[in-house]
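Each chain, letter by letter, is given below.
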Amino acid sequence: MSRRRNDPPPAADCSTVGGVTVPGSTLIDGTASGAPSQRRWPALELLAVGAIIALLFRPVLVRAFAGPAAQTWATMFVSLTVQALPFLALGVLVSGAIAAFVPAGSLARLLPRRAALAVPAAGLAGVLVPGCECSSVPVAGRLVAQGAPAPAALAFMLAAPALNPVVLVATAVAFPNRPGVVVARFVASFLTAVVVGLGWARFGRAAWTERPGAGRAGDVDRLSCDRAESDASASRPRYRRLAVFAAVARHDFGHAGGFLVLGAATAATLQVVVPRALLDGLGGSGIGAVLTLGLLAVVLAVCSEADAFVAASVAQFSLTARLAFMVVGPAVDVKLVALQVGTFGRPFAIRFAPATFIVAVVSTGIVGWWLL
Amino acid sequence: MNEDAQAGIILALGALALRLGLTDAHLAYIRPHMGPPLAVAGAVLVVLGGVVLLRSGRGRPAEGHDHGPDHGAASRVGWLLVAPILAIAVVAPSPLGAFAANRAPTTLPTPTRDFGPLPAASGGGVDLSLTEFVGRARYGQGRSLQGTPVRLVGFVAGDTRGGGFLLTRFVISCCAADARPVRVAIRGGEPPGPAPDTWLEVTGTWHPETRSAEDSRPPILDLTSLRTVPAPANPYLR
Numbered sequence: 001m002s003r004r005r006n007d008p009p010p011a012a013d014c015s016t017v018g019g020v021t022v023p024g025s026t027l028i029d030g031t032a033s034g035a036p037s038q039r040r041w042p043a044l045e046l047l048a049v050g051a052i053i054a055l056l057f058r059p060v061l062v063r064a065f066a067g068p069a070a071q072t073w074a075t076m077f078v079s080l081t082v083q084a085l086p087f088l089a090l091g092v093l094v095s096g097a098i099a100a101f102v103p104a105g106s107l108a109r110l111l112p113r114r115a116a117l118a119v120p121a122a123g124l125a126g127v128l129v130p131g132c133e134c135s136s137v138p139v140a141g142r143l144v145a146q147g148a149p150a151p152a153a154l155a156f157m158l159a160a161p162a163l164n165p166v167v168l169v170a171t172a173v174a175f176p177n178r179p180g181v182v183v184a185r186f187v188a189s190f191l192t193a194v195v196v197g198l199g200w201a202r203f204g205r206a207a208w209t210e211r212p213g214a215g216r217a218g219d220v221d222r223l224s225c226d227r228a229e230s231d232a233s234a235s236r237p238r239y240r241r242l243a244v245f246a247a248v249a250r251h252d253f254g255h256a257g258g259f260l261v262l263g264a265a266t267a268a269t270l271q272v273v274v275p276r277a278l279l280d281g282l283g284g285s286g287i288g289a290v291l292t293l294g295l296l297a298v299v300l301a302v303c304s305e306a307d308a309f310v311a312a313s314v315a316q317f318s319l320t321a322r323l324a325f326m327v328v329g330p331a332v333d334v335k336l337v338a339l340q341v342g343t344f345g346r347p348f349a350i351r352f353a354p355a356t357f358i359v360a361v362v363s364t365g366i367v368g369w370w371l372l
Numbered sequence: 001m002n003e004d005a006q007a008g009i010i011l012a013l014g015a016l017a018l019r020l021g022l023t024d025a026h027l028a029y030i031r032p033h034m035g036p037p038l039a040v041a042g043a044v045l046v047v048l049g050g051v052v053l054l055r056s057g058r059g060r061p062a063e064g065h066d067h068g069p070d071h072g073a074a075s076r077v078g079w080l081l082v083a084p085i086l087a088i089a090v091v092a093p094s095p096l097g098a099f100a101a102n103r104a105p106t107t108l109p110t111p112t113r114d115f116g117p118l119p120a121a122s123g124g125g126v127d128l129s130l131t132e133f134v135g136r137a138r139y140g141q142g143r144s145l146q147g148t149p150v151r152l153v154g155f156v157a158g159d160t161r162g163g164g165f166l167l168t169r170f171v172i173s174c175c176a177a178d179a180r181p182v183r184v185a186i187r188g189g190e191p192p193g194p195a196p197d198t199w200l201e202v203t204g205t206w207h208p209e210t211r212s213a214e215d216s217r218p219p220i221l222d223l224t225s226l227r228t229v230p231a232p233a234n235p236y237l238r
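As they're listed, the protein sequences go chains A and B. Residue 372 is where the first sequence ends in our numbering, and the numbering goes up by one at each step. Residue 238 is where the second sequence ends in our numbering, and the numbering goes up by one at each step.
The set of hints was computed from the structure by calculation and includes no laboratory data. Hints may be right or wrong, so weigh each one.
Unchecked claim - DEER-style ranges, computed between Cβ atoms:
(1) B/Ser212 - A/Pro354: 26 to 32 angstroms
(2) B/His33 - A/Ile52: 50 to 56 angstroms
(3) B/Arg217 - A/Ala48: 52 to 58 angstroms
(4) A/Pro347 - B/Asp215: 30 to 36 angstroms
(5) B/Gly116 - A/Arg114: 53 to 59 angstroms
(6) B/His33 - A/Leu110: 52 to 58 angstroms
(7) A/Val166 - B/Thr210: 35 to 41 angstroms
(8) B/Leu22 - A/Val166: 20 to 26 angstroms
(9) A/Ala116 - B/His33: 36 to 42 angstroms
(10) A/Ile358 - B/Ser122: 55 to 61 angstroms
(11) B/His33 - A/Pro347: 51 to 57 angstroms
Just so you know, even glycine gets a beta-carbon here, dropped at the ideal spot from N, CA and C.
Only chain A is shown next, with the shape it has when bound in the complex (with noise of 0.2 angstroms):
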């Protein structure tokens, strides 16, 4: 991929990336270039009567979502999405300035040739990183797209959540008087991210990752085509690298906040429809309590900065279990694992999810055992 990254002219390095990283879509670019006098589809004016719709029946959304229940979901749906919207704000930004800043090839140079040290150490930069799930994964995305090592990335996206100082100091306000669940948290979710980026550089295969379209670097390249294409200034080095710092930035938002709304949705409905008063009758210790509340953190999708205090209060559960729900949550639930269905391909997230949860429990318990 780092072939081309010469900076090209702009036209001659569309048309290339075009036909290299998309087989296929050569063609039907190549159709819609040639044939300038296409009508454009008029997707604002649809947008426009899109509103005016929404004005006119207006009462009767208000009307369905009246009852209590749908009223509760749709209180789930909007929290979780505006708490997430800065964070994933921000991670587009990144994102789209890793896009245009960084060149390719530079992040794999930067770090360790060997997995084996790549890893530990793209999860220890993860914990300098203030931020939630939602930032990371297009972050950890577009950091596979510029070259970085697919093993040491998903190592950044699981640590950077589950570890940065934030999270930490409010696991302390959480459990006063308990230092040792800090030293856990951190231990247990540490040990996860290396294992699974470990995990990940010998068996993983790079056509999981790889999905045309959802940000590699052809995509990028097809971006910074568009603006190059549509902008005369943008033939000037600095405002082509912002044009393209802008449209990768919006091309990640469009793409991870669809990808975001279906997993609030899927919690909220979750949150709603799975009557959390069953935790009242279950409790205790064991693999199976260890299990409940892991199972539980993948269902909620609480953000990683609040895990803590709603582990604190379900008390009826051992210590290990209520770790097992703030080792978890951070690392796969069914919010990230949309996410993760959006930026790497769904090859990747049935593999990713799963395993990374395995790693998870296994490393609770062991942690748990050991300091708890």
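Keeping the supplied structure of chain A fixed, place chain B upon it in accordance with the hints.
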């Protein structure tokens, strides 16, 4: 989905986020300190979407040509962003209330220590938040509450038929999806009790009893008087 449509959706969502972040409306969904970041994110999205629309409005050539099947699939998912736009602008759901509280499991508030003396009483009672009252009753064994009339604000949940009810507030740490209810059982009301979701200011005294540390049932308040109050701007406690 072509680029103009995507930009239009991003602009609309950004404008809504900006408005939510700048007004009190976000308090129904997230913690107050997340308001400014939400507004900033909204402004960023407004700019990101706005520049595209400005440019195509100025008659620059449209680049809405389809990039092939994969690109189409990638963009189509962006239409889902219409859902939160409609939910925020049209449905504008209210804060969590009795329905969510009645389904939530019994939880314990974060342990607190070192309860000082109660604040000074005013108008025949001491104003306490529900979390502070529950904390004092549970972790301070109620010593500081003994015999003192207190005033609590919350909404009505639980079974109200017998005249008693659960005075409730939600505690959130991030957003409403992680809400945990804090409850006080109110005793001594006349049936029928107040309607669920009514916001009340309740005056009464703590009902003395000794509990084990693991007992998660809500503490009891013997009711003296109550009056309806408007819902507070921030319905959640920390």
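Here is what the structure says about each hint:
1. B/Ser212 - A/Pro354: 26 to 32 angstroms: Violated, since B/Ser212 and A/Pro354 (Cβ atoms, about 40 angstroms apart) do not stay within the stated range.
2. B/His33 - A/Ile52: 50 to 56 angstroms: For B/His33 and A/Ile52 the Cβ distance comes to about 37 angstroms; the hint is violated.
3. B/Arg217 - A/Ala48: 52 to 58 angstroms: Given a distance of about 55 angstroms, which is inside 52 to 58 angstroms, the answer is holds.
4. A/Pro347 - B/Asp215: 30 to 36 angstroms: Violated, at about 50 angstroms.
5. B/Gly116 - A/Arg114: 53 to 59 angstroms: Check passed, 57 angstroms falls within 53 to 59 angstroms.
6. B/His33 - A/Leu110: 52 to 58 angstroms: 34 angstroms, violated
7. A/Val166 - B/Thr210: 35 to 41 angstroms: Because 39 angstroms falls inside the window, the suggested range holds.
8. B/Leu22 - A/Val166: 20 to 26 angstroms: At roughly 24 angstroms between Cβ atoms, A/Val166 and B/Leu22 fall inside 20 to 26 angstroms, so the hint holds.
9. A/Ala116 - B/His33: 36 to 42 angstroms: 40 angstroms, holds
10. A/Ile358 - B/Ser122: 55 to 61 angstroms: 57 angstroms, holds
11. B/His33 - A/Pro347: 51 to 57 angstroms: Check failed, 39 angstroms falls outside 51 to 57 angstroms.
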